[in-house]
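K.L.:
Protein chains in written order, with my numbering: chain A, 1 to 236; chain B, 1001 to 1236; chain C, 2001 to 2219; chain D, 3001 to 3219.
It should be emphasised that the hints constitute simulated quantities derived from the structure, not laboratory data.
A hint or two may mislead.
Here are the in silico distance ranges between beta carbons for each label pair [claimed, not checked]: (1) B/R1186 with D/T3010: 35 to 43 Å; (2) A/A93 with D/G3024: 14 to 22 Å; (3) A/E227 with C/A2188: 52 to 60 Å; (4) C/A2211 with B/E1227: 44 to 52 Å.
Virtual Cβ for every residue (Gly too), placed ideally from N, Cα, C.
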Amino acid sequence: MIDKRVGSPGEAVAGIGDGDTVMIGGFGEAGSPIELIHALIDHGAANLTVISNNSGSGEIGLAALIRAGQVAKIVCSFPRSTNSTVFPDLFNAGRIQLELVPQGTLAERIRAGGAGIPAFYTPTAAGTDLEAGKERREFDGRPCLLEHALVADWSLIKARTADSHGNLVYNKTARNFSPLMAMAGRTTVVQASAVVEPGCLDPEAVITPGIFVDHVVHVPNPEHESELVARGARYP
Amino acid sequence: MIDKRVGSPGEAVAGIGDGDTVMIGGFGEAGSPIELIHALIDHGAANLTVISNNSGSGEIGLAALIRAGQVAKIVCSFPRSTNSTVFPDLFNAGRIQLELVPQGTLAERIRAGGAGIPAFYTPTAAGTDLEAGKERREFDGRPCLLEHALVADWSLIKARTADSHGNLVYNKTARNFSPLMAMAGRTTVVQASAVVEPGCLDPEAVITPGIFVDHVVHVPNPEHESELVARGARYP
Amino acid sequence: MSPTAMGLTTRQMARRAAQDISDGSYVNLGIGLPELIALFIPDDREIVLHIENGLLGMGPSPEPGKGDPELINAGKKQVTTRPGASYFHQADSFAMIRGGHLDLSVLGALEVAANGDLANWSTGGEHAIPAVGGAMDLVSGVKAVYVISRHCTRDGTPKLVERCSYPLTGAGVVDRVYTDLAVIDITAKGFEVVELSPGVSFDHVAARTAAPLRDARPA
Amino acid sequence: MSPTAMGLTTRQMARRAAQDISDGSYVNLGIGLPELIALFIPDDREIVLHIENGLLGMGPSPEPGKGDPELINAGKKQVTTRPGASYFHQADSFAMIRGGHLDLSVLGALEVAANGDLANWSTGGEHAIPAVGGAMDLVSGVKAVYVISRHCTRDGTPKLVERCSYPLTGAGVVDRVYTDLAVIDITAKGFEVVELSPGVSFDHVAARTAAPLRDARPA
Chain A
1 MIDKRVGSPG EAVAGIGDGD TVMIGGFGEA GSPIELIHAL IDHGAANLTV ISNNSGSGEI
61 GLAALIRAGQ VAKIVCSFPR STNSTVFPDL FNAGRIQLEL VPQGTLAERI RAGGAGIPAF
121 YTPTAAGTDL EAGKERREFD GRPCLLEHAL VADWSLIKAR TADSHGNLVY NKTARNFSPL
181 MAMAGRTTVV QASAVVEPGC LDPEAVITPG IFVDHVVHVP NPEHESELVA RGARYP
Chain B
1001 MIDKRVGSPG EAVAGIGDGD TVMIGGFGEA GSPIELIHAL IDHGAANLTV ISNNSGSGEI
1061 GLAALIRAGQ VAKIVCSFPR STNSTVFPDL FNAGRIQLEL VPQGTLAERI RAGGAGIPAF
1121 YTPTAAGTDL EAGKERREFD GRPCLLEHAL VADWSLIKAR TADSHGNLVY NKTARNFSPL
1181 MAMAGRTTVV QASAVVEPGC LDPEAVITPG IFVDHVVHVP NPEHESELVA RGARYP
Chain C
2001 MSPTAMGLTT RQMARRAAQD ISDGSYVNLG IGLPELIALF IPDDREIVLH IENGLLGMGP
2061 SPEPGKGDPE LINAGKKQVT TRPGASYFHQ ADSFAMIRGG HLDLSVLGAL EVAANGDLAN
2121 WSTGGEHAIP AVGGAMDLVS GVKAVYVISR HCTRDGTPKL VERCSYPLTG AGVVDRVYTD
2181 LAVIDITAKG FEVVELSPGV SFDHVAARTA APLRDARPA
Chain D
3001 MSPTAMGLTT RQMARRAAQD ISDGSYVNLG IGLPELIALF IPDDREIVLH IENGLLGMGP
3061 SPEPGKGDPE LINAGKKQVT TRPGASYFHQ ADSFAMIRGG HLDLSVLGAL EVAANGDLAN
3121 WSTGGEHAIP AVGGAMDLVS GVKAVYVISR HCTRDGTPKL VERCSYPLTG AGVVDRVYTD
3181 LAVIDITAKG FEVVELSPGV SFDHVAARTA APLRDARPA
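In isolation and in its complexed conformation, chain A is listed as follows (with noise of 0.2 Å):
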């Protein structure tokens, strides 16, 4: 019978390795699954490959994870935060690389690899800096970049509601990039406010299906990043 949930965070994202890929979702902080992320510093691992729009605020969250050296690359469209030096000093210091990717391409990007598309066609940044080490090729007369997909081992996400099927809903603008990553994941692991059996959901309202889903773990009070940043706490 199937029932992904697992106790616990930690229980979660066990299985990451070091030198693993890994897909965090959130837009700033909505979507961040701190508690996720939490884990995985506890866990350890690192020379991971972040996939994530952003670089953290503060000193929590991904920020953190940065913060204890276990991020050697990040992938991302925005790595710029009012509330954190880490990635900046990190990235000046060289002891971080940066593959910067538009944000649409980047969303696109990550479905592409959770859709079986190897690679596509974009106008976006042709004729910019970041066209540097792109095939160009021209439709109806405009010039477009060849972009890959985007592929992780592990993909940690936050959602509002999942079933124990791992169909999952989200809140708002948190949803962001959670469902694209969700299916270009080999594991996935969710963390959701709630979780309830098969049927609670409307089969016309779940946003992103149980098949792309590994790990279900309740988490039904998530902290918020910016009250975190607010009242100045750190990880660990």
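Guided by the hints, dock chains B, C and D onto chain A, whose structure is given.
P.N.:
Here is chains B, C and D on its own, set in the frame of chain A:
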């Protein structure tokens, strides 16, 4: 103020011109916008290219549009039906062109058209007769084909409920191609069984955001293709 | 060769194939004979059935008069849903297929070749209407592809062949075949019989197979 | 040149730009100054605001303490929704952008060139952290791209230039610029002043623009 409602199917399709490309939603009878198709038959636009997963049943709906001689070409994954000889007869007589596309590639090409992705690579159909005329390229040692986006002058689709902004929800497996075609049509026309005010649909459960929709027609009790075929109906 | 009198009925074939579907797996069943497999999933297993027109969690046929013409499977027959079901559009449905998220697809066949090639979409006849549907997507994306099919056509022509004569659905894609006579794996060595139907001999199967057949039954 | 004392305040600039947004249009407003435009949409117009992190139908800021940290705009500030709103994921959000479904994007700028080139994502400095977000997607996909920006930097350097010196966000993408001094279209002929702010002369603007400027005001 935004109000996309129009009074009748006839008004909604009045702008379709000879030679236009028209996407028509539906997988079999589920999601087929019969009343819009019948309005297009009344309207009489000719030499159309139709993009639709099937070629219709019986002598109503899409089959009737084809029988009326208005369709020069169909882009389709499964143009065969146990209940219709309309397409086969015209095809074997050389009076209608067919571009046969695997169903997933058809869906992805329509999505690409709506998403501003001019082309993508897919492993589907590599090494088969449907590879003919397509560019082949290997990714990770796997042969893939270059597929181009599909767009249309018009998309005709069916929804369960629309609001006056054009936000849509669908009914069960009638969803199929419609959200994709809504994105890929320059003008998208929806027939909805119910039409409500903005704010009545849950923002978390909207499947097609109104930005993709131009005209909403209220068709409160749409016909079902299988029922029409069962009673031997013909249109007109 | 004439059609075999011995061997399994289609329902028995479906029941046999159903035994090999693991608990918790996500499975797409093709139109026709493969659909029957859904009737024989063992009670102690939870299988999530995917239909490519946009549903995970397909349930049995509705009671007469209780169905919805807009809740249909890929064969355009009315179905129901199970708890935990979800609806999605065609691009998401084929993302599941192409992206390798489904564990198993069971399909019908016109021909299966010893190298795993499958032909099941077109006889290539001059006046045949070509119609492919989702077959090429399924074979290129799903983790395992099984075929369920009678061993020979109605006129006794073998369907398991050295090389397909009909247009391919996919090259080198089939992992296993369930027929009325046997369960046959396709490996780097070609067709390998892993199980014979009750009362059927290896020679009987070999005589009805148009390619070399190895006996790989457990000792 | 020193910063101009005359000309519009930022709120007046935002109010001016808001007048040109058509009823019924779908609009993305960039972070910072462009966000102010939302405050000045005329009451008789219904504009649907898109935020690229996944919402159509953005409403005003919540009352203090009433917001949701997971309902934020691209600038990561809490917002609300209007009736008719919808949420969607990032691939769908950028399908709207890249696919040409948005009518207008209003962005800030470091530099705008007479050929429509826009630089607004990086100063290219050695220790600047490069961060692009959705800017390149917006300029490559949205039907019309307007810039709203002070005419000169704080130290008086013109932002309207012959050719951008900073890394480009997009080539030939800007249609119109709203500054404290003027409204300036970008056409095949370069910068064309279509309106001067109250009390500002054409020569005053030309002196603060590092490229040729045509006077294209209605007679």
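K.L.:
Next, verify each hint and record whether it holds.
P.N.:
For each hint, the structure was consulted:
1. B/R1186 with D/T3010: 35 to 43 Å: This hint holds: roughly 37 Å between Cβ atoms.
2. A/A93 with D/G3024: 14 to 22 Å: Roughly 51 Å apart at Cβ, these two residues miss the hinted range, so it is violated.
3. A/E227 with C/A2188: 52 to 60 Å: Since A/E227 and C/A2188 have Cβ atoms about 58 Å apart, the given range 52 to 60 Å holds.
4. C/A2211 with B/E1227: 44 to 52 Å: Taking Cβ atoms as reference, C/A2211 and B/E1227 lie about 47 Å apart, which means the hint holds.
Going down the numbered hints, you'll see the structure goes against just number 2.
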